[in-house]
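Chains as they are written, first to last, in my numbering: chain S, 1 to 305; chain G, 1 to 305; chain W, 1 to 305; chain V, 1 to 305.
Be aware that one or more of the hints could be misleading.
[What the hints assert, rightly or not] Straight-line distance between alpha carbons at most 30 angstroms, and here's what the computed DSS-like set of lysine-lysine pairs gives:
{"hint": "1", "chain 1": "G", "residue 1": "K86", "chain 2": "V", "residue 2": "K302"}
{"hint": "2", "chain 1": "W", "residue 1": "K118", "chain 2": "W", "residue 2": "K249"}
{"hint": "3", "chain 1": "W", "residue 1": "K118", "chain 2": "V", "residue 2": "K162"}
{"hint": "4", "chain 1": "G", "residue 1": "K302", "chain 2": "V", "residue 2": "K65"}
{"hint": "5", "chain 1": "G", "residue 1": "K118", "chain 2": "S", "residue 2": "K162"}
{"hint": "6", "chain 1": "V", "residue 1": "K162", "chain 2": "W", "residue 2": "K162"}
{"hint": "7", "chain 1": "S", "residue 1": "K249", "chain 2": "V", "residue 2": "K132"}
{"hint": "8", "chain 1": "G", "residue 1": "K65", "chain 2": "V", "residue 2": "K132"}
{"hint": "9", "chain 1": "G", "residue 1": "K302", "chain 2": "V", "residue 2": "K249"}
{"hint": "10", "chain 1": "W", "residue 1": "K302", "chain 2": "S", "residue 2": "K302"}
{"hint": "11", "chain 1": "V", "residue 1": "K118", "chain 2": "G", "residue 2": "K302"}
{"hint": "12", "chain 1": "W", "residue 1": "K65", "chain 2": "S", "residue 2": "K65"}
{"hint": "13", "chain 1": "G", "residue 1": "K41", "chain 2": "G", "residue 2": "K21"}
{"hint": "14", "chain 1": "W", "residue 1": "K86", "chain 2": "W", "residue 2": "K302"}
{"hint": "15", "chain 1": "G", "residue 1": "K118", "chain 2": "V", "residue 2": "K65"}
{"hint": "16", "chain 1": "W", "residue 1": "K249", "chain 2": "G", "residue 2": "K249"}
{"hint": "17", "chain 1": "S", "residue 1": "K65", "chain 2": "S", "residue 2": "K29"}
{"hint": "18", "chain 1": "W", "residue 1": "K249", "chain 2": "S", "residue 2": "K302"}
{"hint": "19", "chain 1": "V", "residue 1": "K302", "chain 2": "V", "residue 2": "K249"}
{"hint": "20", "chain 1": "W", "residue 1": "K65", "chain 2": "S", "residue 2": "K118"}
{"hint": "21", "chain 1": "W", "residue 1": "K118", "chain 2": "G", "residue 2": "K118"}
{"hint": "22", "chain 1": "V", "residue 1": "K302", "chain 2": "G", "residue 2": "K118"}
{"hint": "23", "chain 1": "W", "residue 1": "K162", "chain 2": "V", "residue 2": "K118"}
{"hint": "24", "chain 1": "G", "residue 1": "K118", "chain 2": "G", "residue 2": "K90"}
{"hint": "25", "chain 1": "W", "residue 1": "K118", "chain 2": "S", "residue 2": "K118"}
{"hint": "26", "chain 1": "W", "residue 1": "K29", "chain 2": "S", "residue 2": "K65"}
{"hint": "27", "chain 1": "S", "residue 1": "K118", "chain 2": "W", "residue 2": "K41"}
{"hint": "28", "chain 1": "V", "residue 1": "K91", "chain 2": "G", "residue 2": "K132"}
{"hint": "29", "chain 1": "G", "residue 1": "K118", "chain 2": "S", "residue 2": "K118"}
{"hint": "30", "chain 1": "G", "residue 1": "K118", "chain 2": "V", "residue 2": "K249"}
{"hint": "31", "chain 1": "S", "residue 1": "K302", "chain 2": "W", "residue 2": "K118"}
{"hint": "32", "chain 1": "G", "residue 1": "K21", "chain 2": "S", "residue 2": "K118"}
{"hint": "33", "chain 1": "G", "residue 1": "K65", "chain 2": "V", "residue 2": "K302"}
{"hint": "34", "chain 1": "S", "residue 1": "K65", "chain 2": "W", "residue 2": "K132"}
{"hint": "35", "chain 1": "S", "residue 1": "K302", "chain 2": "W", "residue 2": "K21"}
{"hint": "36", "chain 1": "V", "residue 1": "K118", "chain 2": "G", "residue 2": "K65"}
[What the hints assert, rightly or not] Derived DEER-like restraints, expressed as beta-carbon distance ranges:
{"hint": "37", "chain 1": "W", "residue 1": "E298", "chain 2": "S", "residue 2": "R32", "range": "21 to 29 angstroms"}
{"hint": "38", "chain 1": "V", "residue 1": "S296", "chain 2": "W", "residue 2": "E166", "range": "39 to 47 angstroms"}
{"hint": "39", "chain 1": "S", "residue 1": "V55", "chain 2": "G", "residue 2": "N301", "range": "42 to 50 angstroms"}
{"hint": "40", "chain 1": "S", "residue 1": "Q49", "chain 2": "G", "residue 2": "G294", "range": "44 to 52 angstroms"}
Hints were generated in silico from the structure; no laboratory data involved. Since we're looking at a predicted model, the values are computed, not measured. Cβ atoms here follow ideal geometry from the backbone N, Cα and C, with glycine treated the same way.
4 protein chains.
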Amino acid sequence: MSLIRTDLALEAHESAARSGKPDGVVVEKFSRGGINVSRVKVIDERGEQAIGKPVGTYVTVETGKLDNVGGDEYNEAVEAVADEIKEILKKVGNGLVLVAGLGNAGMTPDALGPRCVKNILVTRHIAGELTKIEGLESLRAVAAIAPGVLGQTGVETGEIIKAIVERIHPAAVIAVDALASRRTSRLGNTIQIADTGINPGSGIGNMRFAINQETLGVPVISIGVPTVVDAATLAIDVLEGAGIETPPKDEERIRASIDPDGVSLFVTPRMIDLIVEHAASLAALAINRALHPGVSVEDINKLVS
Amino acid sequence: MSLIRTDLALEAHESAARSGKPDGVVVEKFSRGGINVSRVKVIDERGEQAIGKPVGTYVTVETGKLDNVGGDEYNEAVEAVADEIKEILKKVGNGLVLVAGLGNAGMTPDALGPRCVKNILVTRHIAGELTKIEGLESLRAVAAIAPGVLGQTGVETGEIIKAIVERIHPAAVIAVDALASRRTSRLGNTIQIADTGINPGSGIGNMRFAINQETLGVPVISIGVPTVVDAATLAIDVLEGAGIETPPKDEERIRASIDPDGVSLFVTPRMIDLIVEHAASLAALAINRALHPGVSVEDINKLVS
Amino acid sequence: MSLIRTDLALEAHESAARSGKPDGVVVEKFSRGGINVSRVKVIDERGEQAIGKPVGTYVTVETGKLDNVGGDEYNEAVEAVADEIKEILKKVGNGLVLVAGLGNAGMTPDALGPRCVKNILVTRHIAGELTKIEGLESLRAVAAIAPGVLGQTGVETGEIIKAIVERIHPAAVIAVDALASRRTSRLGNTIQIADTGINPGSGIGNMRFAINQETLGVPVISIGVPTVVDAATLAIDVLEGAGIETPPKDEERIRASIDPDGVSLFVTPRMIDLIVEHAASLAALAINRALHPGVSVEDINKLVS
Amino acid sequence: MSLIRTDLALEAHESAARSGKPDGVVVEKFSRGGINVSRVKVIDERGEQAIGKPVGTYVTVETGKLDNVGGDEYNEAVEAVADEIKEILKKVGNGLVLVAGLGNAGMTPDALGPRCVKNILVTRHIAGELTKIEGLESLRAVAAIAPGVLGQTGVETGEIIKAIVERIHPAAVIAVDALASRRTSRLGNTIQIADTGINPGSGIGNMRFAINQETLGVPVISIGVPTVVDAATLAIDVLEGAGIETPPKDEERIRASIDPDGVSLFVTPRMIDLIVEHAASLAALAINRALHPGVSVEDINKLVS
């Protein structure tokens, strides 16, 4: 396996595909309203080996410029993400959904999950009331939590979520997290939707306790947006962009040199505040649209603000 | 019972004592290093009736000016609060303690709990490691959580805490919350420590689900600092301060007029940001000192920052 | 003059009018699209004496509930405020406008001005470029500054603004500031637009250096939204709401008792964060609409975000 | 000149020195209390050419780990920075000093200046009063401003500072800004103090209007802390660290590939919030100590908090 570090199945597949099309992975690409969508299906163990992601489906939606909030392309991206979430939710039915915003609210690149959760339309305690007052179609019950990270709480994020799941019994969990991608050009504007939950080593917080159907007992949809790039990956990629080949032995040397303690140095652009704000709003709006398909974007904005 | 709204047992007792010393309540006052400390013990049902607080001990520590951080009086107040917490913890032994910061981090007067939790020295996951590295005496295991409020999560705060308690089995919980006091002069500089937990209707969030030994199954120490005053209470108090009597029937009229929907209008000074910051730091430092008596204030500051 | 403390000319006039219609003041009221608008004209010295505001025009626009962002009533309020600003700007022509956000960004009730400025479409340095790129009608040159308060900078706010005015020579200044009103029900949802600038003693920061045509040499439009109520005023008002008369001598006693040092105790509701956020967005959108009438609300939102 | 991008004279000199010791530059290194201090003196035009910095003195102080606030090494670093500032101030005498925090408070890596300014002890308006109340030696008059960046205000930062300088006539300006360094290991823990002010192209905001004695008419001390690394520089450096030579023609190719529009992509570690907080506190404390040598660290902390 390459030393390239990425949480996006799409990029992991691209890397693997250089030395020949990998077995056990199926990739479809299409576009809708100017938005590129890719669907990477890891169908068996060969696929898991090839790209380093568990069996399941990983969809990436690529939006345009970060500053185009509210434009046509932005709206299309929201609907594309919402449609993928709805597709996975079909198997779940109409029960309660728990949205979990992973990460550290006090560290900007890691704050995607907590900030997304702030914009989620939470209804578990008032669904009936809201439906009546606002003249809306019946709303799905939604709860939301930003549990914090191990360093803040002393408790694994997954343990806190499991405790809450055991108490409120949602039909599914949606876990939102910041990711590492290979390319800085993806930061803040590529959204990955997966039906496999969040697995050890993924996310920029390097989760150790999996947050998936196996650990929680209910389906877990993960929504991730890259906000950082691993520094060694950035260096290798910069070389490659300039047409300079890095032999694998150099890659190892590079990684050892930049990261002697085996602790990844993730880097992020100077514009990180804008990137996280944009991505958190987009992800929250898409989740809200998927969970309450009968409520318009305008009404969602009014109810959440 | 009077229409005066306060979460401080000391103020509730003062109100009640006007029409004669109430039965079932014992009050002690003393001072240490220039700091006033009062201990209100509600010893039976008569006391509960008289001052509207459950049987238990309520200690208030009054500090001086808000801006005197790090001065002698500040340090004495920290130690006074820490001593009261230690006293209650004696019965608990050395087990894990969960610190829960109640309230809404996004609403300044309500953010005391979440901000306090940010400054708690969390050790559950690294107690052994820290002890070795820093050459400290052995540290107590501490976890911390800021669960958010019902409107943010769709789940009662107490339910989230109960779920976590059932998972990590602490020996005790310390719940930190913003309170309402009768007098604006107390905001940010009076700390109440109680061994009764947090009971419905108390706190400015008007908790509905109790957070106490009965609901959680472990002792709950509550630490509260007033950050708001009820508007009707302020008005009645202003009159009183000016020597103008308000007959009970007028009090009712006042309350009905200011608060026709039965929803309290809590008010807070313009300086609220400073008040909350000061109170959250002081409460956190006192809790840290109580939980790790072998670690100096200086070392705590280094480890937390 | 009454002891009632308010920065709203409308409320000052109401107070004064109790003991008979004051001379030198003309009041018009009308409504547009469900929004109440009042225009108080202080036409001479008698009017100044009666209501304690300099000669000039003070318009108040009253919006509905705080949470109704983006609804019809909200949009109407934005346009009503924008129309009043445009009316005053007619005399100024098309030159550069400097928007100054007064107040302390670190104190929530005082942060209205700085937060408003964050949402201003600033174009002085890129007006030509933007016009071309976005296919917009030509944009007015706009600069914006949040100079901070005396306690933060050591320099009077008005002095900093004057220094910048002397350097960039705007045709007019729009000064945005948080105000004190008489009634809590007005907080965050009444906007006052005046052509008199900001005068000593007004605003919750108790400005000492006037920010008006006389001191700056160019017209100054002030936009204010109440975010606090004076505690003594609240008390007197609560009594009045309950039908209890306060004789003037009691008012004085009340004020002396609540505020012995002559330093006002301003109070604000627990929801202050929401109030300031809402008011700052509304004021900024109205200013943007007034300064760039050819740009739609949708385009403004895209360009500012 | 190399393609390596750095605002630290020390690193620029290291780069230049590879192809032989450059003329016109004198470097001294020493250590005090475990802290490394380097003094790079650019003495003439040859030195300017060699390292790309104007004639003047550039001192770098290197502190240890970021989390060691309040420890011995931290305190020594504070005093080392303070001593360098005092040295430059000797020529200025006791007059008013204006501290200017450059950068965008809303973009974390760029927020060093504004956050530093928040912790400056501002005395211009109260120096006499404070001296009396606190029993302190007489305090120097200090003003402070965070003027914002061109994109926020529409006015060049230097123009705003010049306008204020012309109004309040300080004896000197201290300008605090975030820098770009060559190595990520320096981020947040290397402080550069220079007597040359801030010159076009330096700082991560790419200032266009110089802030120096020539433009302001008074001496300008610049205090900078690196918070970002240029992405191409990072890549070249990673290679070098791994012992892989990059020929100059490849460097150009790398830069062209990573940065086709000539707009630098600055990157910063995931821990950027911690880095900026730490650096801003340290810089502020050092400035406070230099400006008020008679006030202890403890008293400064009390007066500022």
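Hints, one by one, checked against the model:
For the hint pairing K86 of chain G with K302 of chain V, the CA-to-CA distance comes to about 28 angstroms; that is within 30 angstroms, so the pair holds. At most 30 angstroms may separate the alpha-carbon atoms for a hinted pair to count; K118 of chain W and K249 of chain W exceed this at roughly 45 angstroms. Between K118 of chain W and K162 of chain V the CA atoms are separated by roughly 23 angstroms; this keeps the pair inside 30 angstroms, and the hint holds. For the given pair, K302 of chain G sits about 12 angstroms from K65 of chain V by alpha-carbon distance, which is consistent with the 30 angstroms threshold.
In summary, the hint linking K118 of chain G to K162 of chain S is supported, as the alpha carbons are separated by about 23 angstroms, within the 30 angstroms threshold. A threshold of 30 angstroms between alpha carbons decides the hint, and for K162 of chain V with K162 of chain W the separation of about 13 angstroms falls inside it, so the pair holds. At most 30 angstroms may separate the alpha-carbon atoms for a hinted pair to count; K249 of chain S and K132 of chain V exceed this at roughly 69 angstroms. Distance restraint check for K65 of chain G and K132 of chain V: the Cα-Cα separation of roughly 18 angstroms lies within the 30 angstroms cut-off, and the hinted pair is therefore satisfied.
Restraint check: the Cα-Cα separation between K302 of chain G and K249 of chain V comes to about 47 angstroms, which exceeds 30 angstroms; the hinted pair is violated. For the hint pairing K302 of chain W with K302 of chain S, the CA-to-CA distance comes to about 18 angstroms; that is within 30 angstroms, so the pair holds. A hinted pair counts as satisfied when its Cα atoms are at most 30 angstroms apart, and K118 of chain V with K302 of chain G qualifies at roughly 21 angstroms. Note on K65 of chain W and K65 of chain S: the hinted pairing is violated, with a Cα-Cα distance of about 34 angstroms set against a maximum of 30 angstroms.
Taken as a hint, the K41 of chain G and K21 of chain G pair is honoured in the structure, with Cα atoms around 14 angstroms apart against an allowance of 30 angstroms. For the given pair, K86 of chain W sits about 22 angstroms from K302 of chain W by alpha-carbon distance, which is consistent with the 30 angstroms threshold. For the given pair, K118 of chain G sits about 21 angstroms from K65 of chain V by alpha-carbon distance, which is consistent with the 30 angstroms threshold. Between K249 of chain W and K249 of chain G, the direct Cα distance comes to roughly 23 angstroms. Compliance with the 30 angstroms bound is thereby established for this hinted pair.
At roughly 20 angstroms between alpha-carbon atoms, K65 of chain S and K29 of chain S fall within 30 angstroms of each other, so this suggested pair holds. Between K249 of chain W and K302 of chain S the CA atoms are separated by roughly 47 angstroms; this puts the pair beyond 30 angstroms, and the hint is violated. The hinted pair formed by K302 of chain V and K249 of chain V fails the criterion: a straight-line CA distance of about 55 angstroms is larger than 30 angstroms. At roughly 21 angstroms between alpha-carbon atoms, K65 of chain W and K118 of chain S fall within 30 angstroms of each other, so this suggested pair holds.
About 28 angstroms separates the Cα atoms of K118 of chain W and K118 of chain G, which keeps this hinted pair within 30 angstroms; it holds. The suggested pairing of K302 of chain V with K118 of chain G holds, with an alpha-carbon distance near 21 angstroms, which does not exceed 30 angstroms. Under the criterion of a C-alpha separation no larger than 30 angstroms, the hint pairing K162 of chain W with K118 of chain V is consistent with the structure, at around 23 angstroms. For a cut-off of 30 angstroms, the pair hint linking K118 of chain G to K90 of chain G stands: about 25 angstroms separates their Cα positions.
Between the alpha carbons of K118 of chain W and K118 of chain S the distance comes to roughly 21 angstroms, so the proposed pair stays at or under 30 angstroms and holds. Only pairs whose Cα atoms come within 30 angstroms are accepted, and K29 of chain W paired with K65 of chain S is rejected, the gap being roughly 46 angstroms. Between K118 of chain S and K41 of chain W the CA atoms are separated by roughly 44 angstroms; this puts the pair beyond 30 angstroms, and the hint is violated. A threshold of 30 angstroms between alpha carbons decides the hint, and for K91 of chain V with K132 of chain G the separation of about 49 angstroms lies outside it, so the pair is violated.
Between the alpha carbons of K118 of chain G and K118 of chain S the distance comes to roughly 19 angstroms, so the proposed pair stays at or under 30 angstroms and holds. The suggested pairing of K118 of chain G with K249 of chain V is violated, with an alpha-carbon distance near 50 angstroms, which exceeds 30 angstroms. For the given pair, K302 of chain S sits about 21 angstroms from K118 of chain W by alpha-carbon distance, which is consistent with the 30 angstroms threshold. For the suggested pair K21 of chain G and K118 of chain S, the alpha carbons sit about 49 angstroms apart, so the restraint of at most 30 angstroms is broken.
Annotation: proposed proximity of K65 of chain G to K302 of chain V holds, straight-line Cα distance about 12 angstroms (limit 30 angstroms). For the proposed pair K65 of chain S and K132 of chain W, the alpha carbon gap of about 19 angstroms is at most 30 angstroms, so the pair holds. Distance hint between K302 of chain S and K21 of chain W is unfulfilled; the C-alpha atoms sit about 42 angstroms from each other, more than 30 angstroms. With a C-alpha separation of about 21 angstroms, the suggested pair K118 of chain V and K65 of chain G falls inside the 30 angstroms cut-off, and the hint holds.
Hint check: E298 of chain W to R32 of chain S, Cβ distance near 22 angstroms, so the stated range 21 to 29 angstroms holds. The given range of 39 to 47 angstroms is respected by S296 of chain V and E166 of chain W, whose C-beta atoms sit roughly 40 angstroms from each other. Here the CB-CB span from V55 of chain S to N301 of chain G is close to 48 angstroms, well matched to the stated 42 to 50 angstroms. For the hinted restraint 44 to 52 angstroms between Q49 of chain S and G294 of chain G, the CB-CB distance of approximately 50 angstroms keeps it satisfied.
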